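*Asks:* Just so you know, the protein sequences line up as chains V and Y, in that order. Numbering-wise, my numbering puts 16 at position 16 of the first sequence, and it's gapless, one number per residue. Numbering-wise, my numbering puts 118 at position 118 of the second sequence, and it's gapless, one number per residue.
Honestly, the hints are just simulated from the structure, not real lab data. Bear in mind that the values here come from a model prediction, so they are computed numbers and not experimental data. Yeah, the Cβ is synthetic: ideal placement off N, Cα and C, and Gly gets one too. A couple of the hints might just be wrong.
Partial chain V-side listing against chain Y, Cβ under 8 Å, derived [said to hold, decoys possible]:
no.: 1; residue: LEU3
no.: 2; residue: ARG4
no.: 3; residue: GLU20
no.: 4; residue: HIS22
no.: 5; residue: PHE24
no.: 6; residue: LEU71
no.: 7; residue: ALA92
From chain Y, some residues computed to sit far from chain V (all C-beta separations above 10 Å) [to be verified]:
no.: 8; residue: GLY31
no.: 9; residue: GLU60
no.: 10; residue: GLU127
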Amino acid sequence: MDLRVIEQQDTELTIEIAGEDHTFMNVLKGALLELDDVAAATYDQNPEQSGGQTEPVLTLKTEGAKPLDCLEQGATLVDEQMNEFRTAFENAR
Amino acid sequence: MATDFDVEFIEDTEREARFLVRGITPAFANGIRRAILADVPTLSIDTVRFVENSSVLFDEVLALRMGLVPLTTPEGEFDEDDTVTLAIDVEGPATAYSGDLVSPDPQVEPADENIPLIELKDGQRLEAEAEAKLGRGRDHAKFQGGVAVGYRHLQHVEVGDDASEYGEDEAQIVRGVIEDGDELVATSEFGHDLTNRYPGKEVTVEDVPNAFVFHVESDGSMPVDELVLRAVDTLSTRADELREKVSL
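All chains should be built: construct the whole structure from the sequences, respecting the hints.
*Replies:* Next comes the structure, spelled out in structure tokens:
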């Protein structure tokens, strides 16, 4: 996973997350949208054969918070949810 | 926001499982599905050195067939670059099966022993050394630990009035798992037809929001529960990595 900030403003962030695909990006996007500070979150990924930008690009707008902080919170939330799922799954067996 | 997951097993064997998860978002469910298919590393034969191949198939074709044989993959025992060398030596007339692959490591065995590799006629012989390596489904389908992995909404069934006596006598097909009160019933129990379970009744079927029934089948590389948990691990590892890199 290699991060490259494409554009950064006070409440907006465009960042490339190289090496990831829909599997992680969509989960991350879903988690970001659950955060109260996030106004908008989306990602764009072009197919491998299309040439040009094929690594996923995440775009994030916040309600005033620092976008990088929100991204960190989003990643934490994904991790928490995964751990909760693991616990629930193990308990069910 | 704090999601409380509720997992309930409907079917649970080593190779196949059906379980209901409540409180899960579609994004999360799909992430798990995709991770099971593409991101759980499994061992598969990748390079084959042929000592003798006088069968009717080319070396490449046989190597592909060997590659597709699922091998049991113990957790945490292997790193990305580790290899296991399996040997095969079969002389015709006989059929070479996956079970003829001899492994030096008892933890790494063909998951099924009865997959035919090639039928050898009189005088034909297959002798080879096959190197298995760790890989992911995103690189080649032979590394997929899960087969037929999917999920459906849980369906809630509400029984209404009696059906009109002269109404059309049509089957009402539902596939997956229904929720009837508190009871979970796999639709295969009543032939997937609601008119079998509720004869002469009006029934309405609705998707239950954020409740998904997963169906996961393993190719034998590892038990289903391990497969699911390893998939969850790959996702949380990536979330960790992202958090670390962002906080720098």
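*Asks:* In ascending order, which of the hints set out earlier in this document are inconsistent with the structure?
*Replies:* When the structure is compared with the hints, numbers 2 and 8 turn out to be violated.
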